[in-house]
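**Student:** Here's the letter readout for the chains.
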Amino acid sequence: MDHRFREYLRTLGEDLKRDWQLYLLLAPMVIWFVLFLYKPMDGLQIAFKDFSIFRGVAASPWVGFAHFQELFNNGLFIRAFFNTIIISSIGLIFAFPVPIILALMFNEVQSAVARRWAQTVVYLPHFISVVIVAGIVINFLSPSTGVINILLKWVGLEPIYFLTQPEWFRTIFIGSSVWKEAGFESIVYLAAIAGVSPTLYESARVDGASRWQMMWRITLPCILPTIIIMLIIRIGNLVEVGFEYIILLYQPSTYETADVVSTFIYRTGLQGTQYDLATAAGLFNAVIAFVLVYSANRISRKLSSTSLW
Amino acid sequence: MKAFLKGVLSMTIAVALTAPNLVIPNLAWAQEAPKITEEPLELTIHFHFRDKYVYTEDWPVEKKAAELTNIHVRNVASLATTSSRDAFNLLIASGNLPDIVGGDATGGLKDDFIRYGLEGAFVPLNDLIEQNAPNLKAFFDSHPAIKASISGPDGNIYFIPYVPDGKFSRGWFIRQDWLDKLGLKQPETPEEVHAVLTAFRDQDPNGNGVKDEVPYFARDVVDAVRLINLWDARVSGSERYGDFATYDGKVRHPWAEENYKTGISNVAQWYKEGLIDKEIFTRGSRSREFLLGNNLGGMMHDWFASTATYNDALRPTIEGFNFVPMLPPKTVSGDRFEDTRRQQVQPAGWAISATNQHPVETIKYFDFWFSEQGRTMSNFGVEGLTYDMVDGKPQFKKELLTNGEPVNAQLWAVGAQVPRGYWMDYEYERQWTNQIALDGIAMYEKCDCLKDEFLGVALNAEEKAIYDQYWPSLLTYMTEMQQTWVLGAQDINTGWDAYKQRLTDMGYDQVIAVMQTAYDRQYGAAQ
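Protein sequences appear in the order of chains A and B.
For the first sequence, my numbering puts the final residue at 313, and the numbers step up evenly by one.
For the second sequence, my numbering puts the final residue at 709, and the numbers step up evenly by one.
Everything labelled a hint here was simulated from the structure, so no lab data went into it.
Incomplete in silico selection of chain A near chain B, CB under 8 Å:
1. S56
2. I57
3. R59
4. E74
5. P147
6. S148
7. Y165
8. T168
9. S257
10. Y259
11. R271
Note that beta-carbon positions come from the ideal geometry of N, C-alpha and C, so glycine has one too.
Using the sequences plus the hints, can you model the full thing?
**Tutor:** Structural data, given as structure tokens:
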């Protein structure tokens, strides 16, 4: 054991000497990970403590799983948890394929000018702050002056006060998120498509394949690994719904469908200064996310031999 | 003899006029320079407030105070932070406290001062005040309820608060010109309010031929359901959103009362009828500007001073525009009350750290701001710079009032009206408040229709654990149901029993029990 360890150190030393430029390039990322992702994990212990910021982490007494018990006895947390899963799952089903379809469509546009123009138009919303997007959504859906309700009135329907009705929240949230992000997310797939070898298309054309067949038989299978990686990442984020946008759009009257774990943490942890309870909620979330990513990766490796690790 | 009598008489009148809650000024200090130390003494302070300001020695007010007291206060708070709450929490977490910690923060610092005071970060001030601070002692002796409200569960005072002055901040406003046009008078009963709002809705008071009027509207979420007052229900026991209230010495939550059910049920009906703004919960802070500016809004409940200024702003563009304060209409039981009042004590101020080597000098410095001279400076700024003495009373300089800049921002810039431990003098605000608002406030003062303010309680560790466990979820649930009912997604009359049951299941009774225990402990003596 000791011998093998010394052997390992020796090869490591040689590697460092030979490829020091590469290790130098790697260093900032490693340092960033250690400082900002691993070191703060130490703070997770407050999920098991009765935390007081004045006493500090070390001096606060241990309380075991009390905060977790409190969470699971809290109907609102359970509801927030399931809301998160539901919003993410619907998002996965409806929002995930959109950038892929967009990328395929861009790929088929013949005129370079038209393609660039279309791409710019769909990328643009990504660069608008969520605060402004929320403002646009609120204005569009306003029952008195909103475009949507004016159209509804035109065709003789009653105006709907969308943002106060829980049954509309998911549609609005996911729909506007797709509008904002789908274009930008399609870049990854466009890059993957650009990497497909042109010889494949040439030989297909020689064999008389139609454009539809080429897309279906060549482009899609070639970018499948990218799609799967993106899917695994997305599954890992299944329990994460960004709270900024939800907070801007939700109302107490739509909590029923709109309150998610991150907004729950925001309200109890930051507004209510119960840092220990909020940490417990976050930790629970992280554990679930880990299990999801791990299983998605396993399944993918079995089925398609593509995986994150 | 005559002259002598005249002198005595005018002195008595002056005293009676200037000091309704008379604090005997320390005459010795008022005459000679109230130097606290022979040698200049420097104290460090962490004081971040309104999310963007810090204490500074360069304020003219602070320079003057340093000259008078010989205490020099040096700020250590960073201006780089844009959240006073973060600045305070970071300071506490660092464990390295300067001599004085103060300011304000989102959610208030009162609970923090008490909590960390109990944990040993700040010193109890009771003995220090008793022995060294005659002005503070006189103030607390004459305001026992305020003293009780800032005390910790152990009965100790851990901070000197910012104490506002004046009773009324908000009231009801109505478009008097619309009433005149439709031949109506200001509504006095719930039925009359209903009739007036219906007339606003149907009879086109703005005369544009379109049914676009918004009869009742609100800017703040607290005013959205303010009309439940007409059925004797209360929105909150204090300026804080969704606060508890006291009913004959018993702490309860207004949103669990029977009259709340009646109130919400009627408000939901009015909402359905279109008498209340359809977008009442989402229109947000621009609603007042938008609905008044476009000649659409009819009636609201909002701040006197700022709402009254719309008359000046809009009369040139909207003919006859007259948005005036009116008394609260009588309720169904014939009572007449105003639900809101200016907070009697703010959860802001300053405290002395346990590591401070000069607690006696520090409390004397705090006391200076409660002396007559200190109070004038903290309210009006520096004589000759921002105000002049006219007939023995501070009067703001003309250019300060008329240069177009907000008066309060100008005062903050010199170090007056900042949330140190001080006692506000309403006179400072009166000097730049619009006459319509002043008349409204005078009308409310005559009406004497205030409800008791719930001043908050200091919970001990066990009580706080119970409160923290149940209360945040309860408040979320109650807020959610309030909107659900008002918007008509559910009928409160069928849902009420389930709601009460759910409150019980979620721990409502336990929370009320600890609130009551704490309330009795804290205010038992003051009543």
